[in-house]
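Trainee: Chain residues, written in single-letter form:
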Amino acid sequence: MGFRHIRLRSRGKLSVVTLQRRTFSDCEFQHNIQSSTTETMRTVPFVGQFLGRLCWNPYVTADAESRSLLLQSLWSLYSEEPHNAVERKANQWIRNLLCQLATEEEDSATHMLVKHMGLPPKEYNLKVLRKMVWLLVEEVGESCSSLADPNQRCSCDSVLAASVACVPLVTCPETAPLIGALLQRPVTCDKAALSQHFLDAVTSAYSRKCVSLEAQAVVSLWCHNLASLEGAVMSLLDSVLSNPASIPHNLEHTITHSLLPKACSQHGSIFLIVNDIFRSMLVQVEGNQTVLYLIHTFTLCFLRELAALQPQECVSLKAFFPHTPQSLLDPLLTHPSEMAQEAWPEHLAWITASLQRLTEEEEEEEGNRGQCGVFEAWFLLVQCADWVEVASQLLVSARPQDCGPLLWLLTFYHHPTNREHHRTQQLVAAREVWDHLRSLFLLSAPPLPADRLQSLAELMSAVPQQPSLDSLLVVSLLVNFAVFSHNPLSGAGEIVRMVVQQSGLVREAVCVLDMVELRLNREGSSSSLTDRVKPRARALQGTLTHMAQHDTHTLTHMAQHDTHTLTHMVQHDTDTQPLWQRWDTHTAAPGCSTNQTL
Amino acid sequence: MEAVVKNLERTTELLAVSQTEMVQRWDKQTLDRAFQWTGYCEHVYTRFRANPNVRDVLEKQLQVTNERLRTTFQGYTDITFSDLSRCRHLLLVGLLNNAAVPSSVIQLLFDTSCSRNVGDTSKESLGHCTELIEVKSACKVLSAIYLKRSTSFPGPDADVIGTTLMEILDILLSPATGGSKVGLAEKLLDNILQTCGENENFSGVVAAALLSRKNNKTATTMASEGVSLDFILDWLQQHHSVLQHMCSTLPIGLLMNLYQQSVRFRVTYRDMLKQWGSQLEYDMGEGEWVQMYTTNGVSFKTLSDHYRSLLGACPSMKEDVESELTELKVADGDFDVRGLSVWGDLLSELNKV
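In the order they appear, the protein sequences are chains G and S. Taking our numbering, the leading residue of the first sequence gets 1179, the next gets one more, and so forth. Taking our numbering, the leading residue of the second sequence gets 143, the next gets one more, and so forth.
Hints are computed from structural coordinates only; laboratory data are not their basis. These numbers were taken from a predicted model, which means no experiment stands behind them. Backbone N, C-alpha and C fix where the C-beta goes; we use that ideal spot for every residue, glycine too. Mixed in with the good hints there might be a few duds.
Far from chain G by the CB rule (all over 10 Å, computed), these chain S residues [what the hints assert, rightly or not]:
| id | residue |
| --- | --- |
| 1 | Glu151 |
| 2 | Asp169 |
| 3 | Thr172 |
| 4 | Trp179 |
| 5 | Glu184 |
| 6 | Arg230 |
| 7 | Cys281 |
| 8 | Asp376 |
| 9 | His381 |
| 10 | His382 |
| 11 | Leu392 |
| 12 | Ser420 |
Straight-line C-alpha distance at most 35 Å; calculated DSBU-like pairs for lysine-lysine [to be verified]:
| id | chain 1 | residue 1 | chain 2 | residue 2 |
| --- | --- | --- | --- | --- |
| 13 | S | Lys416 | G | Lys1300 |
| 14 | G | Lys1267 | S | Lys148 |
| 15 | G | Lys1305 | S | Lys148 |
| 16 | S | Lys202 | G | Lys1300 |
| 17 | S | Lys148 | G | Lys1300 |
| 18 | G | Lys1305 | S | Lys494 |
| 19 | G | Lys1267 | S | Lys323 |
| 20 | S | Lys170 | G | Lys1267 |
| 21 | G | Lys1293 | S | Lys170 |
| 22 | S | Lys329 | G | Lys1387 |
| 23 | G | Lys1267 | G | Lys1300 |
| 24 | G | Lys1293 | S | Lys460 |
| 25 | G | Lys1293 | G | Lys1267 |
| 26 | G | Lys1387 | G | Lys1267 |
| 27 | G | Lys1293 | S | Lys443 |
| 28 | S | Lys329 | S | Lys416 |
| 29 | G | Lys1387 | S | Lys202 |
| 30 | S | Lys323 | G | Lys1293 |
| 31 | S | Lys282 | S | Lys148 |
| 32 | S | Lys443 | S | Lys460 |
| 33 | G | Lys1300 | S | Lys329 |
| 34 | S | Lys416 | S | Lys443 |
| 35 | S | Lys202 | S | Lys170 |
| 36 | G | Lys1305 | S | Lys443 |
| 37 | S | Lys170 | G | Lys1300 |
| 38 | G | Lys1305 | S | Lys460 |
| 39 | S | Lys282 | G | Lys1300 |
| 40 | S | Lys282 | S | Lys329 |
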């Protein structure tokens, strides 16, 4: 209640000043500034007393925000050039108050002792604070004593009281260990819940980056408080999507830094919630390259954290992916680097066959239950998109009789829904693109056939009425052909440059190329393939970036459009109920609700 | 050495000036420099506090400077060598009490914009006072939390003082500083006793000092640990009443901690218990052992409590203690009748449970 008063008072003074600024001249304005302290003292006479009392309240002075507000209020009462006795007195009072606050020594006996020890007061206070924190941390870390002896009264409710008392200390750096200990205390008895007020304070301080908690404490915070977890996911999405130019190089770093993968690996429920938010995101912002890459990279980070856990803590993967059929789970979660490159085509054929079977089964089934399985399978494919990239790579060197399953996989990845049975037409279009590219990159002589280039560019530009092929698919194939083909580099670069320039998809091409490079780096082992391919990729990177710099107009436009859509989504209710709007426009999909119980 | 003396002189002048009207022209740079100089003085103090020769030289120089400044500035307070330990604080007090300091400078001290990390003891002046207020308020908030261990004796303030005391003693008594300064150390302990007076503070501080080794993970070699501990115990032996007061008022748990930690203390403590026992007399009328002659002894019940905890805390020494009591009982005649030997009665009391 007290602080509203302070805010009102300072706002009141500000409005007086603004009003007068509009109507008076300079010297009169200065006169009014100076008299405003007197004004204030006349209109609100108790303000001095009130502020003075607040200064001695440790709960007000311990919290960073209220302390700064308090000092601000005091300074606004201070007049640089006092004009009358009231203002002079106010000045003197403020100076005395500040002096007392900073230099008062409470206990004279302790004060003398400290002096004998040769400790400066500030250092002494700091050491005492650290000792207190240390003692409390030890005590909070003890588990509930009623487990051992049911008759003994446990001290858990005093821990709850401690958490309430620590609310103003959330921003103090020295007390961070105590905040962490409170968050990580095992919740074994029902009296040991932390106060909601405390959790909210920590959440808001963490989102403002005013508190330095260690990783485990943050994970515990998310376990206690769903809102803080959602806030963290949203801020990750926000930071990634508002800065698309930095994708995908910093993506992994940003994701790991957010601590979300670590939390997901330790608590399956957190992973399920995060995935739910990702699902809603995907459905509302369809076809966004950044979101797809984000989900893929996130899953990679998560799997890495999971592998790094101690063996006894490992839960079976089925618990993390409860909705996908087991037959798809194992093949997709196996990373391409875990098997020989020669085995890739067969593995992909197996995956494609499973997916085809799944989609056919569910299309035959009447009603809405069907769509869920397909969506879940597609979502898993997005999470394990390395296989899609492998498919693109294999398409470069595939023979015409082998390209079928690979093209199907790519088409499915970019067009998961089979609205009005367009898939057959899309497959035909994809085959056409592939043929074009093959003829351009593998068969043609140096003078490039302009008509083929033209038709390729046309295929990439969006034609809303017809069921057109996703431009991302074409770009991705194009880039893969350029990198992995045996065409001389200059020729490949020229083709890419011309096609991309005509269609205006420079940023997308840069992204695809980055992802290819990152995947090659991840696979680590240097084979003859990677040795040949890496310089090509780097050279192409140079060409495209050069183009991108001339094309900044398009870039910013794209970024703005995406951020707008996504901010719109972010502001929506982030309920755990995903909205399968696009899947079946006729009926909702009740069977798909992914209500998880924690 | 010359440089140090000169710098001290300049800083003393600075402190004097900070309390006059000349501070009107001070700005951020001046303030920062003032902070740096006072920090330097604090460092000089830490460096030379255990070195009496250098200390004397510096003290003499300070006196000369004091005389000079006393004539120049009215109301000047002298600066001694020990004042140098809190030089920055003195600067702060001088500035905050001086109405002539421009408000912009004060605002710098109370600035709320900068954020710091844990353990970053900033040497800058910006926000210095804000940090002070934050730390003090945090202490007050935390002391209001009543959890079992945090309200135990000795409190955190006594603990900090005790730990610092041990650190100082280590420095004073270690052979590295060129011979032990037993005299200085004794003077220190005498000073502390005088400051504390009659109250509990002293026991708390000394207990904290003796126990500080337990929690100190970065302890130096075993030898130096023992030296400071033994020194304190020796000093306590010489001030017997203090020792007695300590043993009778400290919580028994604390005494047991000390007992487990230090061999010297065991001897001292058991001697003390024996002394207490020998002061008890049997009162026929009451049928109890009471204190007849001295006023600051302990009751029979307290004595038996002490012995009971002793037996419980150190099972390995249990036989030792029991045999000692038995010996004393035998010396008294080895009767099993109540009221004849305090030791016999103690033994039967202890064996009852």
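Trainee: Against each hint, give a clear statement of whether it holds in the structure.
Mentor: Cross-check of the supplied hints:
| no. | hint | verdict |
| --- | --- | --- |
| 1 | Glu151 | holds, 21 Å |
| 2 | Asp169 | holds, 16 Å |
| 3 | Thr172 | holds, 19 Å |
| 4 | Trp179 | holds, 15 Å |
| 5 | Glu184 | violated, 6 Å |
| 6 | Arg230 | violated, 6 Å |
| 7 | Cys281 | violated, 5 Å |
| 8 | Asp376 | holds, 20 Å |
| 9 | His381 | holds, 17 Å |
| 10 | His382 | holds, 23 Å |
| 11 | Leu392 | holds, 18 Å |
| 12 | Ser420 | holds, 35 Å |
| 13 | S/Lys416 - G/Lys1300 | violated, 45 Å |
| 14 | G/Lys1267 - S/Lys148 | violated, 41 Å |
| 15 | G/Lys1305 - S/Lys148 | holds, 32 Å |
| 16 | S/Lys202 - G/Lys1300 | holds, 28 Å |
| 17 | S/Lys148 - G/Lys1300 | holds, 27 Å |
| 18 | G/Lys1305 - S/Lys494 | violated, 46 Å |
| 19 | G/Lys1267 - S/Lys323 | violated, 53 Å |
| 20 | S/Lys170 - G/Lys1267 | holds, 26 Å |
| 21 | G/Lys1293 - S/Lys170 | holds, 29 Å |
| 22 | S/Lys329 - G/Lys1387 | violated, 50 Å |
| 23 | G/Lys1267 - G/Lys1300 | holds, 30 Å |
| 24 | G/Lys1293 - S/Lys460 | violated, 43 Å |
| 25 | G/Lys1293 - G/Lys1267 | holds, 34 Å |
| 26 | G/Lys1387 - G/Lys1267 | violated, 40 Å |
| 27 | G/Lys1293 - S/Lys443 | violated, 40 Å |
| 28 | S/Lys329 - S/Lys416 | holds, 30 Å |
| 29 | G/Lys1387 - S/Lys202 | violated, 52 Å |
| 30 | S/Lys323 - G/Lys1293 | holds, 20 Å |
| 31 | S/Lys282 - S/Lys148 | violated, 41 Å |
| 32 | S/Lys443 - S/Lys460 | holds, 19 Å |
| 33 | G/Lys1300 - S/Lys329 | holds, 25 Å |
| 34 | S/Lys416 - S/Lys443 | holds, 14 Å |
| 35 | S/Lys202 - S/Lys170 | holds, 33 Å |
| 36 | G/Lys1305 - S/Lys443 | violated, 39 Å |
| 37 | S/Lys170 - G/Lys1300 | holds, 21 Å |
| 38 | G/Lys1305 - S/Lys460 | violated, 39 Å |
| 39 | S/Lys282 - G/Lys1300 | holds, 15 Å |
| 40 | S/Lys282 - S/Lys329 | holds, 33 Å |
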